[in-house]
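The whole structure should be built from the sequences, with the hints applied where relevant.
Number of protein chains: 2
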Amino acid sequence: MKQLGTVAIVGVGLIGGSIGLALRKRELAEKVIGIGRRQVSLRIARRVGAVTNTTIDLAKGVESANLVILCTPVGDIIEKAHEVAKHAPEGTLITDAGSTKSILVKELDGKLPRGCRFIGSHPLAGSERTGAGNSDAELFEGKIAIVTPTPNSQAADYDLIEDFWEALGSVVIKMSAEEHDKALAVTSHLPHLAATALAATIPESLFRLSGTGLRDTSRLAGGDPNLWLQIVAQNRGPVLAALKQYGSQLAALHDAIRDGNDERLMEILEKGKKHRDALGS
Amino acid sequence: MKQLGTVAIVGVGLIGGSIGLALRKRELAEKVIGIGRRQVSLRIARRVGAVTNTTIDLAKGVESANLVILCTPVGDIIEKAHEVAKHAPEGTLITDAGSTKSILVKELDGKLPRGCRFIGSHPLAGSERTGAGNSDAELFEGKIAIVTPTPNSQAADYDLIEDFWEALGSVVIKMSAEEHDKALAVTSHLPHLAATALAATIPESLFRLSGTGLRDTSRLAGGDPNLWLQIVAQNRGPVLAALKQYGSQLAALHDAIRDGNDERLMEILEKGKKHRDALGS
Numbered sequence: 003m004k005q006l007g008t009v010a011i012v013g014v015g016l017i018g019g020s021i022g023l024a025l026r027k028r029e030l031a032e033k034v035i036g037i038g039r040r041q042v043s044l045r046i047a048r049r050v051g052a053v054t055n056t057t058i059d060l061a062k063g064v065e066s067a068n069l070v071i072l073c074t075p076v077g078d079i080i081e082k083a084h085e086v087a088k089h090a091p092e093g094t095l096i097t098d099a100g101s102t103k104s105i106l107v108k109e110l111d112g113k114l115p116r117g118c119r120f121i122g123s124h125p126l127a128g129s130e131r132t133g134a135g136n137s138d139a140e141l142f143e144g145k146i147a148i149v150t151p152t153p154n155s156q157a158a159d160y161d162l163i164e165d166f167w168e169a170l171g172s173v174v175i176k177m178s179a180e181e182h183d184k185a186l187a188v189t190s191h192l193p194h195l196a197a198t199a200l201a202a203t204i205p206e207s208l209f210r211l212s213g214t215g216l217r218d219t220s221r222l223a224g225g226d227p228n229l230w231l232q233i234v235a236q237n238r239g240p241v242l243a244a245l246k247q248y249g250s251q252l253a254a255l256h257d258a259i260r261d262g263n264d265e266r267l268m269e270i271l272e273k274g275k276k277h278r279d280a281l282g283s
Numbered sequence: 003m004k005q006l007g008t009v010a011i012v013g014v015g016l017i018g019g020s021i022g023l024a025l026r027k028r029e030l031a032e033k034v035i036g037i038g039r040r041q042v043s044l045r046i047a048r049r050v051g052a053v054t055n056t057t058i059d060l061a062k063g064v065e066s067a068n069l070v071i072l073c074t075p076v077g078d079i080i081e082k083a084h085e086v087a088k089h090a091p092e093g094t095l096i097t098d099a100g101s102t103k104s105i106l107v108k109e110l111d112g113k114l115p116r117g118c119r120f121i122g123s124h125p126l127a128g129s130e131r132t133g134a135g136n137s138d139a140e141l142f143e144g145k146i147a148i149v150t151p152t153p154n155s156q157a158a159d160y161d162l163i164e165d166f167w168e169a170l171g172s173v174v175i176k177m178s179a180e181e182h183d184k185a186l187a188v189t190s191h192l193p194h195l196a197a198t199a200l201a202a203t204i205p206e207s208l209f210r211l212s213g214t215g216l217r218d219t220s221r222l223a224g225g226d227p228n229l230w231l232q233i234v235a236q237n238r239g240p241v242l243a244a245l246k247q248y249g250s251q252l253a254a255l256h257d258a259i260r261d262g263n264d265e266r267l268m269e270i271l272e273k274g275k276k277h278r279d280a281l282g283s
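From first to last, the protein sequence lines stand for chains A and V. For the first sequence, the positions run 3 to 283 when our numbering is used. For the second sequence, the positions run 3 to 283 when our numbering is used.
None of these hints come from the bench; they were simulated from the model. Incorrect hints may appear among the rest.
Note: identical chains are not told apart, hence a pair may lie in one copy or across any two.
Here are the simulated DSS-like cross-link-like pairs (lysine-lysine), alpha carbons at most 27 Å apart as the crow flies [claimed, not checked]:
(1) LYS108 to LYS276
(2) LYS4 to LYS273
(3) LYS273 to LYS246
(4) LYS145 to LYS184
(5) LYS62 to LYS27
(6) LYS108 to LYS184
(7) LYS145 to LYS27
(8) LYS276 to LYS246
(9) LYS62 to LYS176
(10) LYS113 to LYS176
(11) LYS246 to LYS113
(12) LYS145 to LYS88
(13) LYS33 to LYS108
(14) LYS273 to LYS62
(15) LYS184 to LYS62
(16) LYS4 to LYS27
Owing to the predicted nature of the structure, the values given are computational and were not obtained by experimental measurement.
Set out below in structure tokens:
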């Protein structure tokens, strides 16, 4: 792709830092400006080479940006996008890396001032590690990045965002924000809630009897409750639908076990295994 | 511990093979006889050094055994124990490595012929890999082994079984078979069913959108449905109770999300994180 000039990253944690590091390693941007709320995080981002410049002043940080990536918690993205649009050069393109898309797109698509435009993105990449200190230039390599343009979106804007993620190594999938949110409710938000409910179910007296199986199954529950509160709040309908489907499967298991219906139990165990094997290791 | 003489292992898969390898590496047994149904598995067990001798004839395999370890699927243990007691030297001690204990202990404690005695064991060790070819002499190192004696059990028998697992590197916990089954329903059988239901809930069309989170949370669903059918069938009551507790947590999450009750949602997310963090990585 063509060189991006100045890229501003708002929120320099693991995702923002990794985007910065990937851009710099691939020489895709002349300047990468890290914008955050705490000097300490920004210092770390600078030290690992994720950004070339840093500031806690968003207005100043975006004033010469050619592209702005919002990597804050999803609950802050709408507000930050409006703030960026006030201060960035006219017509600046903005994208994000948030785990939900419908509400963001609804509030930002065609609604930004001064010709600024928003196209939603969601890189399906992450790590148990957090913070810019764990930035990884290869975090997006071979991973899916979902981009959610609308009928309003300009083709050139979409192409640039697609090129951007592809340049970072991602495989881009285009879908609507609603389609994204329904899909991720099942593949991401549901696993998080299933892990949380499982961890919450285990009484402390049994912690010492936990094995690797329980630890794998409940791993996601270790995520930041504040982030997950925001994600769930922004995707309530699809998340509730996913929880219902999961509840039905669990009820089917429960009833088959209660009734001694081995045939039905086997059917569900085999379906689970078939699906799991297809997901790969 | 004192040298065990001849140890017979019935069922030489990952667990049986690893026990054999650990016994040989630590020079705890003079002979380790692997007993199985298929020559091909026994050849693998011999080749990796897990056993010194092999046979598909159980009667012959146990005829000079000082200790017999049943490592077959749980559904076969009762039958195998009776068969062993018919052919082993009078008064031979038998233990197992099965994932359930109550039914086994109920059917075997004080009920074996010719002075043979059964004490249940369950090493909390395993791997995604299966088969004797993946045997690991350190599989039990630092792991918990639960031993479930009854008021009938002789102290010397219990001591030998405790010494046996400790010699393999395990930390032994003594509990009743009923206590074991209730605990494992929550820490092991429930995670398996939660993972199975999750994998079964994901439609094939969304497999491509799966990330590491979903893969971790559903990993257990890849286990052998035949084995899990047997485990669940032998622990129906506690498993149903565990599924109910899990269902209640999920319902609490569902209702908090539906009602926009962020305080309640946060409470559950935080409890899940606290418990998960305590389980360790």
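Against the structure, the hints:
1. LYS108 to LYS276: Cα proximity of LYS108 and LYS276: none, with 37 Å in one copy and 35 Å across.
2. LYS4 to LYS273: Answer is neither; intra-copy 46 Å and inter-copy 48 Å both fail.
3. LYS273 to LYS246: both (18 Å within a copy, 22 Å between copies)
4. LYS145 to LYS184: within (19 Å within a copy, 41 Å between copies)
5. LYS62 to LYS27: So LYS62 and LYS27 pass the 27 Å test inside one copy only (25 Å; across, 67 Å).
6. LYS108 to LYS184: For LYS108 and LYS184, the Cα distance is within 27 Å only inside one copy (15 Å; across copies 49 Å).
7. LYS145 to LYS27: within (18 Å within a copy, 43 Å between copies)
8. LYS276 to LYS246: Both: 22 Å inside a chain and 25 Å across chains, each within 27 Å.
9. LYS62 to LYS176: neither (32 Å within a copy, 65 Å between copies)
10. LYS113 to LYS176: For LYS113 and LYS176, the Cα distance is within 27 Å only inside one copy (21 Å; across copies 65 Å).
11. LYS246 to LYS113: neither (34 Å within a copy, 47 Å between copies)
12. LYS145 to LYS88: neither (33 Å within a copy, 58 Å between copies)
13. LYS33 to LYS108: neither (31 Å within a copy, 72 Å between copies)
14. LYS273 to LYS62: neither (54 Å within a copy, 40 Å between copies)
15. LYS184 to LYS62: neither (37 Å within a copy, 60 Å between copies)
16. LYS4 to LYS27: Result: close within a single copy only, 15 Å intra versus 61 Å inter.
In summary, the structure is inconsistent with hints 1, 2, 9, 11, 12, 13, 14 and 15 from the numbered list given earlier, while agreeing with the others.
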